[in-house]
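J.: Take the sequences, apply the hints, and build the full model.
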Amino acid sequence: MSAHHDAHHDIALARNDGLKPGDVLLDIRNVSLAFGGVKAITDVSFDIRKGEIRAIIGPNGAGKTSMLNVINGFYTPQEGVIVFRGRERRAMKPHDAVAQGIARTFQNVALFKGMSTLDNIMAGRSVFMKESLFWQMLWRGRALKEEIAHREKVEEIIDFLEIQHIRRTPVGRLPYGLQKRVELGRALAMEPSLLLLDEPMAGMNLEEKEDMSRFIIDVNRQRGTTIALIEHDMGVVMDLSDRVVVLDYGKKIADDVPEKVKANKQVIDAYLGVAH
Amino acid sequence: MVGQGSIRGGIRREEHRVSGSDASFDTFPKLLLRNAERFAGRPAMRHKDFGIWQTWTWAQQLDEVRALAIGLQGLGLTAGDRIAVVGTNRPRLYWTFAAAQSIGAVPVPVYADAVADELAYVLDNAGVRFAVVQDQEQVDKVVGQAAAIPRLTDIIFDEPRGLGDYDRAHLHDFADVQEAGRKALAADGSRAAQWADAIRAASGDAVSVILYTSGTTGRSKGVMIKAAGAVQAATDTSTFDRLTADDCVLAYLPLAWVGDHYLNYAQAHVAGFCMCCPESAETVPVDLREIAPTFYFAPPRVFEGLLTSVTIRMHDASRLKQRMFNHFRGVAAKWGEAILEGRPTPLPARLHYGLGELLLYGPLKNALGLSNIRTAYTAGEAIGPDLFSFFRSLGINLKQLYGQTEAFLYVTAQKDNAVRADCVGPAMPGVDIRIADTGEVQFRSPGMFSGYFEQDEKTAETMSPDGWVKTGDAGFFERDGQLRIIDRAKDVGKLSTGALFAPKYIENALKFFPNIKEAVAFGDGRDFAAAFINIDLTAVGNWAERNGIAYASYQELAAHPEVYRLIGENVDETNRRLAREPMMAGAQIRRFLVLHKELDADDGELTRTQKVRRGFIAERYAELIEAFYDGSAEKRVETEVTFEDGRKGRIRANVRIADAHVETAREAAP
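So the sequences go chain by chain: A and B.
Just so it is clear: in the first sequence, position 75 is 852 by the working numbering, and no numbers are missing.
Just so it is clear: in the second sequence, position 641 is 681 by the working numbering, and no numbers are missing.
It should be emphasised that the hints constitute simulated quantities derived from the structure, not laboratory data.
The beta-carbon is built from N, C-alpha and C at its ideal position, and this holds for glycine as well.
You may find that some hints are simply not true.
Claimed, not checked - Label-pair restraints from in silico Cβ distances:
| no. | chain 1 | residue 1 | chain 2 | residue 2 | range |
| --- | --- | --- | --- | --- | --- |
| 1 | B | R524 | A | L983 | 41 to 49 Å |
| 2 | B | G533 | A | Q884 | 57 to 65 Å |
| 3 | B | R353 | A | H1009 | 37 to 45 Å |
| 4 | A | L983 | B | N406 | 35 to 43 Å |
| 5 | B | L577 | A | N837 | 50 to 58 Å |
| 6 | B | L211 | A | H1009 | 35 to 43 Å |
T.: Structure representation (structure tokens):
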């Protein structure tokens, strides 16, 4: 009866990958990426540790989104090494990234507009669905049982993100801020060990930004999910993240805790001091 | 002193006590013990969580309350202490009421959306030692104001989310408190019996709850309600509306408001019915539909919102559906109320209405969650006659009541089948009403308050020496014995021409238009009446969309010339209505403006119950009021606004002042 209240505590933590908080989860070593003759990333190295919120910032065109695409396997860098959970890799497909526990959201919302919030988040669970298409189509027996178990996880996420009121609403009808939240929900449904957020606060008003910040912190603290985020809004980044890496013209110019980055002369010149 | 003579409630007090409810059940914990026995396996509480309705029976509810009460005792809560309850409608917060009352402590519910210093004021004024709050947001507010609440020692929270790294020395998880209670009960076999014995021995004369007024005028005051009176009042009204354990309600009204404490908590304990707590404030429409309550209360603005959304959706429907809707709406308008009230109607009309029920009224009521309503009430503001008739014509038994916190809600209520839009009904059973020479309505009732908490001078202002409560409302009795409220007694003024100026009357006449969400009228001591108007963003926004008017914000839409034209038509129509009433014809609206921002409780412009604070608004927008009377056609203003977290910003606007068409006195002549 009252047990459901305690379910808040039971939300599955990030998958067990044998790492302790503070261990290096992802290591980027001397990565370079070019599109034809255009160098998007030049010899960048940094790491992401388990349990932290890591920000990647920089002015427009600094190579932030390219970096994110390298991390989740969408782009394959020409040079450099990426070590994820102790395993080195060079080329990887996005679905391999998902299987390895990397989930992401996009700068522009990429949801199934005609489907409800519930179905969109449920889609995030498909990576765990084991039953054959045959049973799923019959929607009986094991497939039904499996669906119920996944639905329970999805309901936890809906509760967590406070989107109960739009459970049945087609996401295309939702305002932008809520669509972003649904997208976060779908990424969470994959129970990622690394969550990549591409400008989660772009285009939001102050109140929506505050809500989103709180959800990001909660995802990190309550669910223990490691987060790497790209963000334009400096104030938000400095408040949210544990460590910040700064890119400018595809090169790393700083990598430190927010206070130090804020005081860094090069960062101020390249980014903060220059109107853009 | 007494104008029209005192009118005694229809039935004498001795005759209408509920059978089976004798003096031995004069507190809510006593009723809880009774219900746990009498309705043991029946639902007492439901709450939608993780998408599923969770249910507690009366026996289980007793168990939850007992564990909490013992746990709270373990933390040091004792008889006479005050304990704040802050949050939305959650089973655990309702249990806190009963748990506190069971050990002689007094619960003090506080509005969940109160800003931090309002919250601190109430907590300090009530001298609370404990606060049971819903979540991190409320914990932050209380902790942030801790210095202003010196007597507060411990905070208990319902939802642990986000509170992981808070200092837990004086911060407790609700589940842990109950767990400690359960352990104490298991360790000492006689503890439960002692607890129940203490409940049975408690006096009904003790204060049961302190409810803070919403503070339309000045700081809010703590209204003390005694247990026996509260139970008696709830028994009277449960009898009046024949409420039983088979009824069910959706508890969605603010926890701190007398209406919620009365209609849900008090009546549920007396009648033994089930209270259902919505999943969240935003899911109320869906939850309402799933629960389909039999007893329902909503302020007029909720009904307004429902009608607006229905109308808008019909505008977007196919032509066939529109025609069907309009046709059967007409049928309902003609016959619906007569059929609802059981008046004789011709058979063809009944058949026609029956077809409408099948095709329109039934599905519509189902979509709105109003299919099972036996009794619905509205109160708080005047309700537009068309709006009122619309819902009644669908077969919903919507009635009006009049009440206030000091009465523990009910003063008057309409009987089934004796209902009209402009009145609030005769005195409730057990309630005495008199009209003072000043026109003020005064009453005595079983549930009436015993005084304001530690504010004797305020109590003396409100309660006459011979024990009548002054409502502050001006009103009179109609010939059929129903009370009619005109306005707040102190707000009724005069124009410099000598014409009567009743601002609320004018505001209500304006607000009956779906385009107008809020209005504030000015004119006392001035040459003419003028009004600020807030447009309804849903209704006007939809109209703008259909008419190809682009806008990016409330401010932009409000200033649009076409919107001024639209609102101007509504104001002119209001003037025509006012002109028809001899008393009001002199105070027609000569000038108006559409305000550049929505009136907001966070800015102090509305009370937490969404009533306009006219004095405050007059001060804040003094420049605009001056512009009414110095003939300006436009005025540039800068206004400070408060965001939800207490931060401030400024908005600037050029506000246009428009002239309205005033009806000639010819029509107004007696």
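J.: Each of the hints needs a verdict: does it hold here or not?
T.: To see whether the hints hold, each was checked on the structure:
no., hint, in the structure
1, B:R524 with A:L983: 41 to 49 Å, "holds (46 Å)"
2, B:G533 with A:Q884: 57 to 65 Å, "holds (58 Å)"
3, B:R353 with A:H1009: 37 to 45 Å, "holds (38 Å)"
4, A:L983 with B:N406: 35 to 43 Å, "holds (39 Å)"
5, B:L577 with A:N837: 50 to 58 Å, "violated (35 Å)"
6, B:L211 with A:H1009: 35 to 43 Å, "holds (36 Å)"
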